[in-house]
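> Make a model of the complete structure from these sequences and hints.
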Amino acid sequence: MSSKKSISKKGLSRLAVSMVNQIFLYLGSILTLIWGIAHLFPTKSVVKGFGDISIDNKRIITMEWIIEGISLIFIGVLVSSVTYIDYTSIISKTIYWLSFIMLNVMSLISLFTGFRIKFLPFKLCPLIFTTSSLLILIGSYL
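In my numbering, the protein residues as written are 1 to 142.
Misleading hints may appear alongside valid ones.
[Said to hold, decoys possible] Think about it this way: if two alpha-carbon atoms lie no more than 30 angstroms apart in a straight line, the pair counts; the simulated DSS-like pairs of lysine-lysine are:
(1) K44 to K118
(2) K58 to K118
(3) K58 to K44
(4) K123 to K58
(5) K48 to K58
(6) K123 to K44
(7) K93 to K44
(8) K48 to K93
Just so you know, these hints were derived from the structure itself, not from any lab.
Quick caveat: nothing in here was measured; it's all calculated off a predicted structure.
Right under this line is the structure:
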């Protein structure tokens, strides 16, 4: 009888860890997704903030701004999707690692470029990217 109780406790403990893993993974993916969506809204005003520049430069800034937002949305949706399907598979683990790496690369780029700008959302990018990446990493290895 006591062995059944200890097995039940082990099973419950594994279930709790499993839930915590998934919560971390979903939090990391949702933070990334929301920041990507939020990134798209100010596109027009960001481009306007550059002042009187050529139409080609406006298009390049618009393109790059939208690409970053869409990339973040993609990472968030991808991490959420593989977490929902099977967060323990080797494919999921690979996607978590690649997302972790990509978010940290984006964080470093933002740290050395946008972080120097006085506009607060630019300063938040490295913090949000790093936080998301750590949530994903922790969720994949707890």
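> Next step is simple, just say for each hint if it's right about the structure.
Taking the hints in turn, this is what the structure says about them:
1. Distance check on the hinted pair: K44 and K118 sit about 18 angstroms apart at the alpha-carbon level, within 30 angstroms; holds.
2. For the hint linking K58 to K118, the alpha-carbon distance of about 21 angstroms falls within 30 angstroms, and the restraint holds.
3. Restraint check for K58 and K44: the C-alpha separation of about 10 angstroms stays at or below 30 angstroms, so the hint holds.
4. Between K123 and K58 the CA atoms are separated by roughly 22 angstroms; this keeps the pair inside 30 angstroms, and the hint holds.
5. A C-alpha spacing of about 8 angstroms is found between K48 and K58, which places the hinted pair at or below 30 angstroms, so the restraint holds.
6. Between the alpha carbons of K123 and K44 the distance comes to roughly 19 angstroms, so the proposed pair stays at or under 30 angstroms and holds.
7. Using a Cα cut-off of 30 angstroms, the hinted pair K93 and K44 is violated, with the two alpha carbons roughly 37 angstroms apart.
8. Among the hinted pairs, K48 with K93 is inconsistent with the structure: their alpha-carbon atoms are about 41 angstroms apart, more than 30 angstroms.
Violation of the numbered hints given earlier is confined to hints 7, 8; the remaining hints are satisfied by the structure.
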